[in-house]
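Each chain, letter by letter, is given below.
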Amino acid sequence: MEIRIGSRDELPQLARQVLAFAERQNKKVLFFYGELGAGKTTLIQHLCRVLGSQDLVSSPTFSLINEYAYRDEKGREQIICHMDLYRLKSLAEALDIGLEEYLAAGHWCFVEWPQLIEPLLSDEEVLKVSIEEEGTSVRKIVLL
Amino acid sequence: MSIYLLAIESSCDDTSAAVIRDGEVLSNVTAGQEEHRAYGGVVPEVASRAHFQQIIPVVDLALERASVKKEQLSALAFTRGPGLLGSLLVGVTFAKAMALSLRIPLIEVHHLQAHVLAHFAEEPKPSFPFLCLTVSGGHTQMVLVRAPLDMEVLGQTLDDAAGEAFDKAGRMMGLPYPAGPEIDRLARQGTARFSFPEPKIRGLDFSFSGVKTAIRYFLRDETAKNPNFIEENLADIAASVQERIVSILLSKIKRAARETAISEIAIAGGVSANSGLRKALQREGEKRGWQVYIPRLEYCTDNAAMIGIAAYYKYLAGEFCGQDVSPEVRWAL
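Quick note, the sequences are listed as chains F and P, same order.
Per numbering that gives the first Met the number 0, residue 0 is the first one in the first sequence, and the count goes up by one each step.
Per numbering that gives the first Met the number 0, residue 0 is the first one in the second sequence, and the count goes up by one each step.
Excised from the complex, chain F in its bound form (with noise of 0.2 Å):
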């Protein structure tokens, strides 16, 4: 699916749309792919907001794995895993991490810079968003 957006008033809509799309296939992992600058976290952002989380979503880039709670529609308590594997060199190291742990637990799982541990999960297990830049405010949003 591919979705166009040109502002940033347009991102509450846009995560309502990838969320509602994970949903129906069953997905809680989205890996996302774009830039540095393309708007990868901001977009996470938004989707945190969606799923009612109030806790304050920060780039990962030095903390590697943040966690958000929320709300679900029973008022259990459920956490939002928020990673940024830019610094990891191996698969090994993301292991060591406890990363695995983290995506076999039933939690959203958003992952930037995910190209390494791509091997771990099959395509039927993973939402991929892609963040194209199409000029400076406009963004093409792929999701496969």
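Hints listed in this document are in silico derivations from the structure and should not be mistaken for laboratory results.
A portion of the hints provided could be inaccurate.
[Stated by the list, open to error] Chain F side only, calculated, beta carbon under 7 Å to chain P, not exhaustive:
#, residue
1, Ser57
2, Thr60
3, Ser62
4, Glu100
5, Tyr101
6, Leu142
No residue lacks a Cβ here, since even glycine has one placed at the ideal position from N, Cα and C.
With the hints as your guide, set chain P onto chain F.
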């Protein structure tokens, strides 16, 4: 009788141990940094294993340098969070086991509270209340400090941390990780003649993602005109990037000082090492009559001495924790 504390820090990349006597740092040993440098940056796998391998030698060395025997210790302090779960677990588990074997109490410490209290490791110490801007790779926070254990976060970053902004700008310029120190070095040889927009963020919160995007488009457009633009103007680009990041930090400090009418101003965290930030803060302080406090680098980056200092205040306040304590990955100050 003196109070002896052993403090352990393992929240992210460095394993560190320190011995504190009555609030005075006797030793502060941080391992792993050499190893990281050899690998071209902070490598989590190395860090995570290194915590495990280094914690005992680091603790031994801290006790030895302080000339303190473990039987003399009054309590054991450790970083409970926030941080990376795997890294925190090593420190928390070690502290619990050692406290149990010595039959002494445990003190949990909040990593960001400790960064602020690093100012009390040495003279001159700020007087209360003071403002502290904690800036590092993972954090950017403006904190109002009323007393050692009474702090309020007035503002924080909504996206990237200041250290991250330096690093990401460096990445776009083709600099190796971590790029902060390299930008600082280059900036001293350059002129800040390129201008990037200052984000309009209300209140005392920070945002660096707009600047990141502006730098990116600027470099893209200039490289389209001249493929060698980055190499030919590296020092000037670095100076411009640094000036903008520092000016964002400084404008929030000015605002916080104005709103709280506080003129005791401190900075903490790894980015306090940035010479542009230090100079700008000193200059602004002289102009406005602020007392400015910048800790030595050893106490700016992650270290156990600051954990020990924070723990000393908690010891005096009788704030101990039980053996059932576990790491707190997300933990608001």
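Hint check results:
For the restraint placing Ser57(F) at the interface with chain P, the shortest Cβ-Cβ distance is roughly 6 Å, inside the 7 Å limit, so the hint holds. For the restraint placing Thr60(F) at the interface with chain P, the shortest Cβ-Cβ distance is roughly 5 Å, inside the 7 Å limit, so the hint holds. Because the closest C-beta pair between Ser62(F) and chain P is about 5 Å apart, less than 7 Å, the hint holds. The beta carbon of Glu100(F) is not positioned within 7 Å of any beta carbon in chain P (closest approach about 9 Å), and the interface hint is therefore violated.
Given the 7 Å rule on beta carbons, the hint for Tyr101(F) is violated: about 9 Å separates it from the nearest Cβ of chain P. Because the closest C-beta pair between Leu142(F) and chain P is about 23 Å apart, greater than 7 Å, the hint is violated.
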